[in-house]
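**Student:** Chains as they are written, first to last, in the working numbering: chain A, 98 to 415; chain B, 7 to 272.
It is worth saying that the hints were derived from the structure and are not from the lab. Don't take each hint at face value.
[Stated by the list, open to error] Here are the in silico distance ranges between beta carbons for each label pair:
{"hint": "1", "chain 1": "A", "residue 1": "Ala324", "chain 2": "B", "residue 2": "Thr239", "range": "51 to 59 Å"}
{"hint": "2", "chain 1": "A", "residue 1": "Ala133", "chain 2": "B", "residue 2": "Asp91", "range": "55 to 63 Å"}
{"hint": "3", "chain 1": "B", "residue 1": "Glu25", "chain 2": "A", "residue 2": "Val350", "range": "33 to 41 Å"}
{"hint": "4", "chain 1": "B", "residue 1": "Gly158", "chain 2": "A", "residue 2": "Arg224", "range": "28 to 36 Å"}
{"hint": "5", "chain 1": "B", "residue 1": "Tyr31", "chain 2": "A", "residue 2": "Arg224", "range": "37 to 45 Å"}
{"hint": "6", "chain 1": "B", "residue 1": "Glu25", "chain 2": "A", "residue 2": "Ala324", "range": "37 to 45 Å"}
{"hint": "7", "chain 1": "A", "residue 1": "Ser199", "chain 2": "B", "residue 2": "Gln155", "range": "51 to 59 Å"}
{"hint": "8", "chain 1": "A", "residue 1": "Val196", "chain 2": "B", "residue 2": "Tyr31", "range": "50 to 58 Å"}
{"hint": "9", "chain 1": "B", "residue 1": "His105", "chain 2": "A", "residue 2": "Leu354", "range": "36 to 44 Å"}
{"hint": "10", "chain 1": "A", "residue 1": "Ala324", "chain 2": "B", "residue 2": "Gly158", "range": "33 to 41 Å"}
{"hint": "11", "chain 1": "A", "residue 1": "Trp282", "chain 2": "B", "residue 2": "Asp38", "range": "41 to 49 Å"}
{"hint": "12", "chain 1": "A", "residue 1": "Ala111", "chain 2": "B", "residue 2": "Thr239", "range": "53 to 61 Å"}
{"hint": "13", "chain 1": "B", "residue 1": "Gln155", "chain 2": "A", "residue 2": "Ala111", "range": "35 to 43 Å"}
[What the hints assert, rightly or not] Chain B is faced by these chain A residues, among others (derived, beta-carbon under 8 Å):
{"hint": "14", "residue": "Gly312"}
{"hint": "15", "residue": "Arg316"}
{"hint": "16", "residue": "Ser317"}
Keep in mind the model is a prediction, meaning the values are calculated, not measured. Backbone N, C-alpha and C define an ideal beta-carbon position, used for all residues, glycine too.
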Amino acid sequence: MTVTTRPARTTPPAALVGGVGGLLVLAAISCLIGVAGMSWEVLWVSRLPRTIGLVLAGAALAVCGLLMQLLVRNRFVEPSTVGTTEAAGLGLVVITLLVPGSPLMVKMVTAALFALAGTWLFLRVVRLMPVREPILVPLIGLMLGGVISAMTTFLAFHHDLLQTLNTWMTGDFSGVLQGRYELLWLVAGLVVIAFVAADRFTVAGMGETFSANAGLDHRSVLAVGLAIVSVVSAVVVVTVGVIPFLGLIVPNVVSALVGDNARRGLPWVALLGSGLVLACDIVGRLVRHPYEIPVGTVMGVLGAVFFLHLLLRRSRAA
Amino acid sequence: MTATAETSARTRGHGVRAEGVTKRYGRSLVVDDVHLDLPLGGVTALIGPNGAGKSTLLSIVGRLLGADAGRVSVAGLDVATTRGDELAKRLAVLRQDNHLDIRLTVRDLVTFGRYPHSKGRPTAEDLEHVERALAYLDLTELADRFLDQLSGGQRQRAFVAMVLCQDTDVILLDEPLNNLDLRHAVAMMGRLRDAARELGRTVVVVVHDLNVASCYADTIVAMRDGKVAACGTPAEIMRPDLLEEIYGLPVRVHELDGQLIATYYG
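Only chain A is shown next, with the shape it has when bound in the complex (with noise of 0.2 Å):
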């Protein structure tokens, strides 16, 4: 039999080249942006913590925002729409009302098993629930995280914290410095792990019985991906606050442009979620110089938008 076999791709192809010339060429406009006068310092110590961690942040909430979407086979989900995003902040106001001025690895590890919690919570009631519409399941997300922040909430007013809890609840870089970014490195561990199992995420996308016929066991590749995602969330939260829907704008994008085959998406996912972040935080920096808006606030804004379109665009075509 002829067959003309294609030889198994080893080179990134040069698009991808081309996307990190541009992810550089945003770091360094980010590096060079600040109302403090440039020195070794300032670049050392606040400039360059603050870029990485963008960089860090943007990639693996994008990636996270992937696992989501493959693993509960839903395109509207990420971490903010399904209450892992709300449960990882009330682990936060919680941990710090039971021990005032634990370290940061306590309050990570306390957001992390929360946001557990919130996942696991929204994945048992999207399964009792009779849904088939794709729609209605990040609405009963959105729905489980508007009561886990309400009591996040009350918790906060109640021990005089609401404004502690909005500074935490709202993506913000600028106190970003040397010291207290770095769990933010931990993330890029965990994100190397999803590049490794990428194609089994691949195939538990494509649900239970094609996973059984692989003889991939679907629901400890679920365990490792939903940990992956409540840990990144955790730590995000912690050391940079909440950045809403990145995770559901890059992998859509992507997904469009290269499917969704995770060996092949992935790449893509990181790299256009470290862009974005770094270009929302851009923006927020220059549009009010010298203050600054949020970059959390500046996704959210975009977010939403595209969010809209995306429900909007999907209603059309149903």
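Based on the hints, put chain B in the right spot on chain A.
**Tutor:** Quick look at chain B alone, frame taken from chain A:
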């Protein structure tokens, strides 16, 4: 009539063996104490009216569904106790309605047929299998298209290509001819028969067209009310009295060009 495939005189081992398989949904008994013994190699057609339990039985054999009672072994492996990743190298199954929520190209999908062997790192040999499966089902031209850009029949062929690419001893397909036009339906059955004859695969298909079963199967298993009503060669099953009993409809059988053809229209 015995439920065992007596035609397996040249048995080289068991392809599929079911012993006392039973499945209930609530109160209704969907699969009722089914015994089956299909030899390694050959095409078996599973026929019967709607609700006879064909798809449920296929899902149980394909370890997609647990049985309430009984045992199933495939290529000598017990499907309930063998590790999923081991079984995936010996057994492939395709359900009737296949819908993917994610966007994959045809080539991506077929490459995932190699997952049990490659664990996501396809070797040159794996990719050769993929290209062969694509060519086999006339999909080479469509290989880089996304599944959501294809017609139902093209998508169906892509799913079957994925399952064939898995290169297993036993292949279970639930209505693989769904959505296919005449040419592709005939080609598909020809491919499956080749896989059985030349590569020694055990292929089990649920089909609705009696004449497809008659012309392509080595063994026909007829089901009714969750039980195996009859099992044998096409010559043994393609009998008017038997078919009428199974379908509750008068059926005439003619010999045309050496093939047994059933007619049943008004």
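**Student:** Does each hint fit the structure? Answer for all of them.
**Tutor:** Hints, verified against the model:
{"no.": "1", "hint": "A:Ala324 / B:Thr239: 51 to 59 Å", "in the structure": "54 Å, holds"}
{"no.": "2", "hint": "A:Ala133 / B:Asp91: 55 to 63 Å", "in the structure": "56 Å, holds"}
{"no.": "3", "hint": "B:Glu25 / A:Val350: 33 to 41 Å", "in the structure": "53 Å, violated"}
{"no.": "4", "hint": "B:Gly158 / A:Arg224: 28 to 36 Å", "in the structure": "29 Å, holds"}
{"no.": "5", "hint": "B:Tyr31 / A:Arg224: 37 to 45 Å", "in the structure": "19 Å, violated"}
{"no.": "6", "hint": "B:Glu25 / A:Ala324: 37 to 45 Å", "in the structure": "40 Å, holds"}
{"no.": "7", "hint": "A:Ser199 / B:Gln155: 51 to 59 Å", "in the structure": "53 Å, holds"}
{"no.": "8", "hint": "A:Val196 / B:Tyr31: 50 to 58 Å", "in the structure": "52 Å, holds"}
{"no.": "9", "hint": "B:His105 / A:Leu354: 36 to 44 Å", "in the structure": "22 Å, violated"}
{"no.": "10", "hint": "A:Ala324 / B:Gly158: 33 to 41 Å", "in the structure": "38 Å, holds"}
{"no.": "11", "hint": "A:Trp282 / B:Asp38: 41 to 49 Å", "in the structure": "60 Å, violated"}
{"no.": "12", "hint": "A:Ala111 / B:Thr239: 53 to 61 Å", "in the structure": "59 Å, holds"}
{"no.": "13", "hint": "B:Gln155 / A:Ala111: 35 to 43 Å", "in the structure": "25 Å, violated"}
{"no.": "14", "hint": "Gly312", "in the structure": "3 Å, holds"}
{"no.": "15", "hint": "Arg316", "in the structure": "11 Å, violated"}
{"no.": "16", "hint": "Ser317", "in the structure": "11 Å, violated"}
The structure does not agree with the numbered hints 3, 5, 9, 11, 13, 15 and 16 stated previously, though it agrees with the rest.
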